Amino acid sequence: MTLLDDFLIRAALAGIGVALAAAPLGCFVVWRRMAYFGDATAHASILGVALALSFDVSVFAGVLATALAMATTVSALAGRGYAMDTLLGVLAHSSLAFGLVAVSFLQGVRIDLMAYLFGDILAVGRADLAVIWGGAALVLGLLWWRWSALLTATLNPDLAHAAGIDPRREQMVLTIALALVVAVAIKVVGVLLIAAMLLIPAAAARPFAATPERMAAIAALLGMLAAVGGLQLAFALDTPAGPSIVCLAAALFAASSLAGLLLQHRRG
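Taking my numbering, the leading residue of the sequence shown gets 52, the next gets one more, and so forth.
For the record, the hints were derived by calculation from the structure and aren't laboratory data.
Any given hint might turn out to be false.
[Unchecked claim] Label-pair distances were calculated between CB atoms; the ranges are:
(1) F106 - G311: 27 to 35 Å
(2) L312 - F286: 31 to 39 Å
(3) G176 - D217: 36 to 44 Å
(4) F156 - H212: 30 to 38 Å
(5) A260 - D163: 13 to 21 Å
(6) D107 - A127: 27 to 35 Å
(7) D217 - A268: 37 to 45 Å
(8) V141 - A301: 37 to 45 Å
(9) L314 - A188: 29 to 37 Å
(10) A148 - T123: 31 to 39 Å
As the structure is a computational prediction, the values presented were derived from the model and not from experiment.
In this text, a Cβ means the ideal position worked out from N, Cα and C, and glycines have one as well.
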């Protein structure tokens, strides 16, 4: 019996892999105020699941394709007559609805919809681990390669233009990374909780980060802590694993917010 034969070890490794990819990317989501963007991309993945099962292809490939399509559609339509929050709200809810309707038409295919909506981290296998860690490595590599350009385009688009950086190109890099995170995270926390894992660790890291790099590192640590601690809570309390992970992440956010307020009070 090898170490990876233990389902809890596989679940913990899966959670850590997702946290490593989602948390640093979540910092850009927070800085750019793109919370609904992550939500819309995640919701579109249910349609990807239905299409993948219909055409008998990999669920990962179907989710990645639809997440990319949703993200590029939002990027293309942004600033063309609709407020961004309105556009994202329409696309997020309509894509989820179309996905759920498409799933209902599948004949002869057994699908655990709850697992895709809320995740099934305890059912992660070795092949899933390879996909999760491969996707996480791609996302981290992409962020490492484009970090300086992404940061400049995020903080000051005018300065980015002056430095020869195309902000729309960097937006597309973020779009690709976000689609990859959604595709690898759907098995772990599910469609409805992916945005939480993107946002909450990054938001929790903010009070303690003097630099963007430190915020990304702290967010990754908090995400991993939430993943492993949430699994332990789920095992101890017999609660759903995915929501338990997000609940612990929310508790860490509450604690960090309180600590940030105390630090501000002392400095004041």
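Against the structure, the hints:
At roughly 48 Å, the beta-carbon separation of F106 and G311 lies outside the given 27 to 35 Å, and the hint is violated. Distance hint check: the CB atoms of L312 and F286 are about 33 Å apart, consistent with the given range 31 to 39 Å. Against the hinted window of 36 to 44 Å, the Cβ-Cβ separation of G176 and D217 comes to about 40 Å, which satisfies the hint. Checked against the hint of 30 to 38 Å, the C-beta distance between F156 and H212 comes to roughly 47 Å, which is inconsistent with it.
For A260 and D163, the Cβ-Cβ distance of about 38 Å falls outside the hinted range of 13 to 21 Å, so the restraint is violated. Between D107 and A127 the CB atoms are about 30 Å apart, so this pair conforms to the stated range of 27 to 35 Å. Judged by the Cβ atoms, the range 37 to 45 Å given for D217 and A268 is violated: they are separated by roughly 27 Å. Checked against the hint of 37 to 45 Å, the pair V141 and A301 fails, with Cβ atoms roughly 27 Å apart.
For L314 paired with A188, a C-beta distance near 35 Å keeps the hint of 29 to 37 Å intact. Against the hinted window of 31 to 39 Å, the Cβ-Cβ separation of A148 and T123 comes to about 20 Å, which falls outside the hint.
Violated hints, in rising order: 1, 4, 5, 7, 8, 10; the structure is consistent with all others.
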